[in-house]
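Chains as they are written, first to last, in the numbering used here: chain A, 1 to 462; chain B, 1 to 260.
Heads up, a few of these hints could be off.
Each pair of labels, with its calculated beta carbon distance range [stated by the list, open to error]:
| hint | chain 1 | residue 1 | chain 2 | residue 2 | range |
| --- | --- | --- | --- | --- | --- |
| 1 | A | 436 | B | 118 | 19 to 27 Å |
| 2 | A | 132 | B | 118 | 41 to 49 Å |
| 3 | B | 118 | A | 139 | 38 to 46 Å |
| 4 | A | 344 | B | 212 | 55 to 63 Å |
| 5 | A | 436 | B | 124 | 39 to 47 Å |
| 6 | B | 149 | A | 420 | 24 to 32 Å |
| 7 | A | 328 | B | 214 | 43 to 51 Å |
| 8 | A | 78 | B | 147 | 37 to 45 Å |
| 9 | A | 118 | B | 149 | 52 to 60 Å |
Short derived list, chain B residues pointing at chain A, Cβ under 10 Å [unchecked claim]:
| hint | residue |
| --- | --- |
| 10 | 57 |
| 11 | 86 |
| 12 | 89 |
| 13 | 93 |
| 14 | 101 |
| 15 | 105 |
| 16 | 111 |
Coverage of chain A stretches by chain B, computed from C-beta distances (three or more under 8 Å per stretch; other residues unrestricted) [stated by the list, open to error]:
| hint | region |
| --- | --- |
| 17 | 398-404 |
| 18 | 407-419 |
Because the hints were derived from the structure by calculation, they are not lab data. Every residue gets a Cβ at the ideal spot worked out from N, C-alpha and C, and that includes glycine.
The chain contents come next:
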Amino acid sequence: MIEPTTMISTKAELADRLAAGPSSTPAWLAELRREALDQFRAIGWPNLRQEEWRWTNVAPLTKVAYRIPAPPDLGLPLEEWREQIAPYSLRLRGWRELVFVNGTLIPQLSEWAGPDLRISALSAAVDSQSALIRRHLARGVALAQDGFTALNTAGFQDGAFIHVPAGLQPDRPLHLLFFTPDHPGPVLVQPRNLVVVDAGAKVVLAHSYAGASRQPALTNAVLEMVLGAAAQVELIQLQREAAAAFHVSNTAVQLERQAAFQSLTVNLGGALVRHNLQVRLKQPGGQATLLGLSVQTGRQHVDNHTLLDHASEQCRSSELYKSLLGGRAEGVFKGKILVRSGAQKTDAKQTSRTILLSEDAVMNAQPQLEIYADDVKCTHGSTIGPLDEEQLFYLRCRGISVAAAQRLLTYAFAGDVLNRLRHEGMRQYLETLVRGALKGLSLVEPPVERKPTREEKSTENS
Amino acid sequence: MPLLEIKDLHAAVGIKEILKGINLSLRAGEVHAIMGPNGSGKSTLAQVLAGRETYTVTRGEVRFNGKELLTLAPEERAAEGLFMAFQYPVEIPGVSTSYFLKAAVNAVRQYRGEPELDAIDFLKLVREKLGLLEMDPNFLSRPVNEGFSGGEKKRNEILQMAVLNPRLGILDETDSGLDIDALKIVAHGVNSLRSPERCILVVTHYQRLLNYIVPDFVHVLREGRIVKSGDKSLALELEARGYGWLDGPAERTEVLSYGF
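Start from the sequences, fold in the hints, and give me the full structure.
Have a look at this one:
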């Protein structure tokens with residue numbers, strides 16, 4: 001693989017490092033990586049002049065000289081590793097778990113036994129499951145989309161390959177944990193996951209990203225997923241990176257006939273975060289529910305870009321993204337709903353809501369509708385503002401202190417998203433985490449006097 | 001000593017003065033009604049007493065239970081035993097009615113140095129009060145006021161009053177938007193809360209509510225002042241004659257007194 005501990009500073013040097021990488025992969029994969037590398041050389045990092053990146057400046061992360069970290073030193077006692085990942089592990093909650101450290105699967109820290117699912121490291125499956133992987137890898141995420149997807153394809157270290165055979169409903173949910181320990185310098189970790197859920201199967205999957213790095217580590221993750229007919233998936237993404245970390249993720253999901261997909265993206269960490277989530281409803285009767293919750297403080301910047309691609313008729317989608325912003329945090333939500341011609345009877349609903357808990361917090365929210373069919377129902381709404389003065393006054397008039405009233409209202413705001421998650425155990429787990437994050441927000445200051453900006457629009461074509 | 005004593009109270013929104021010298025005393029056990037046409041300042045009086053920050057008190061003082069009310073935050077007033085039933089109760093999605101009630105009860109108890117109620121004692125208390133207002137217990141699991149009918153919202157206000165057991169209950173146009181059946185239920189709830197330790201201030205535009213909550217005293221508010229006080233028969237007179245005949249001399253005197 002790529003030589004560890006090699007300094008990479010510029011885009012060109014990064015590309016050269018990756019080009020000098022391994023030749024041991026199957027020829028088709030080597031070819032794919034080369035193609036991706038050419039893409040990365042050609043398009044490079046995104047910049048503010050690009051419409052999809054106008055609110056998120058990635059310049060800080062492009063100026064860092066990253067090392068590709070070596071696989072973790074397992075000379076350390078396993079107990080020490082266990083201790084490091086314990087705060088992020090779901091093992092004790094009964095989940096199967098694959099633990100990746102510096103992008104490398106550590107079987108000694110993982111547990112995925114069971115006869116039902118087919119689970120392995122992607123690097124291992126490239127040989128054993130070559131046909132299946134070849135059919136799906138890099139088919140959901142376009143290489144040309146931006147430099148990050150190209151970079152990941154060119155240089156991903158490893159990730160999980162999960163295949164849920166038709167009709168299977170595994171008894172336990174599965175957790176992929178990507179952990180970046182503290183390094184003496186900046187590191188680049190590129191996880192790549194591929195999930196194939198066959199017809200009628202039903203699975204709950206979480207992928208979380210956590211780190212202890214005090215240096216500006218960059219996680220550049222890609223997850224591709226395909227759902228066969230009538231398959232059902234709940235996908236939870238939990239971003240708890242270290243305070244100085246950069247995190248970029250691209251998730252692409254494709255749904256066949258009658259498939260149902262629910263996602264929840266939770267952001268509690270990171271300095272500069274960008275998620276692209278695209279869901280393609282390829283065949284009639286598909287259903288997608290996209291949920292998001294970000295709790296940010298300090299100077300955290302979190303950008304959620306979603307694309308709901310209604311490519312077939314009679315599909316439904318609903319989307320709810322919420323943010324609680326304190327300090328000088330910045331949030332971005334851009335939700336695009338694309339209704340292609342022929343996607344009649346589309347029913348799409350999108351909502352984004354943000355509470356600004358300080359005068360210096362900023363939110364940019366933008367819905368985007370592109371509709372090429374004439375018998376569809378699409379609605380979107382967006383609100384940005386401080387905590388509701390009327391609600392605060394009402395609670396105070398019943399004896400509840402300002403601080404307690406603020407906690408109650410912020411928690412209710414967040415709980416509204418978490419309550420929609422179907423998986424009970426995960427919901428309880430996230431409630432605890434979010435409660436902790438909300439305690440970290442400074443709420444004692446009286447709420448800012450600012451008029452909420454309100455926009456409620458709807459577009460209906462019948 | 002009166003439980004609530006208002007002296008020469010003036011309050012404004014921005015530079016617009018709305019209350020122009022209110023004087024009023026309520027003793028424990030009494031029920032007073034404040035009536036008046038739209039814009040007379042009756043709701044403002046209720047809001048100022050509850051502590052709404054939209055209004056600035058420009059002159060006067062209010063003593064409640066021996067304390068200087070106007071220096072207290074809204075939550076302190078509540079804990080001291082002041083309760084205002086809102087004209088427009090606020091919806092709070094994501095917070096169940098029982099969670100809200102329990103938070104309120106325990107906040108007030110904590111302020112008073114009393115131990116918090118546990119879940120069992122709290123439920124016992126609330127269930128008893130629910131019966132009083134003919135409310136279904138599953139009401140407790142619904143988010144506060146969200147999707148409630150007008151009648152349910154007002155019953156919820158009185159339920160809170162019953163649970164919090166205040167010394168002073170202020171009903172801000174509690175009758176608005178209620179049909180006659182809901183009005184009777186709400187009035188029955190309020191009447192059951194009448195006690196020698198408590199006083200109640202009913203703010204209303206119409207006499208109708210006073211058929212069910214019979215006041216000891218009626219005051220007529222006009223242009224920010226009490227222009228007439230009497231017993232319950234005054235309400236009937238207002239019902240028959242309207243507010244027009246009460247064009248008190250106050251405003252004209254005021255104009256003349258500028259004396260250019």
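Would the stated hint for residue 57(B) survive a check requiring a Cβ distance to chain A of less than 10 Å?
-> violated (16 Å)
Does the Cβ distance between residue 78(A) and residue 147(B) fall inside 37 to 45 Å?
-> Since residue 78(A) and residue 147(B) have Cβ atoms about 54 Å apart, the given range 37 to 45 Å is violated.
Would the stated hint for residue 86(B) survive a check requiring a Cβ distance to chain A of less than 10 Å?
-> holds (7 Å)
Verdict on chain B covering the region 407-419 of chain A, where coverage means 3 or more residues with a C-beta closer than 8 Å = With 8 residues close enough to chain B, the hint holds.
Confirm or reject the claim that residue 118(B) and residue 139(A) have a C-beta distance inside 38 to 46 Å.
-> The hint (38 to 46 Å, Cβ to Cβ) is violated, given that residue 118(B) and residue 139(A) are roughly 57 Å apart.
Does residue 111(B) pass the interface check with chain A, least Cβ-Cβ distance below 10 Å?
-> holds (7 Å)
Report holds or violated for the interface hint on residue 89(B), using the least CB-CB distance to chain A and a cut-off of 10 Å.
-> Given a least distance of 7 Å, the restraint on residue 89(B) holds.
Holds or violated: is the Cβ of residue 105(B) closer than 10 Å to a Cβ in chain A?
-> holds (8 Å)
8 Å C-beta test of the region 398-404 of chain A against chain B, three or more residues | holds (count 6)
Could you check if residue 93(B) really has its C-beta closer than 10 Å to a C-beta on chain A?
-> Interface hint status for residue 93(B): holds (6 Å vs cutoff 10 Å).
Does 55 to 63 Å hold as the CB distance between residue 344(A) and residue 212(B), or does it fail?
-> holds (57 Å)
Quick one: are residue 436(A) and residue 124(B) within 39 to 47 Å, going by C-beta?
-> violated (33 Å)
In this structure, the hints that do not hold are numbers 2, 3, 5, 7, 8, 10, in rising order.
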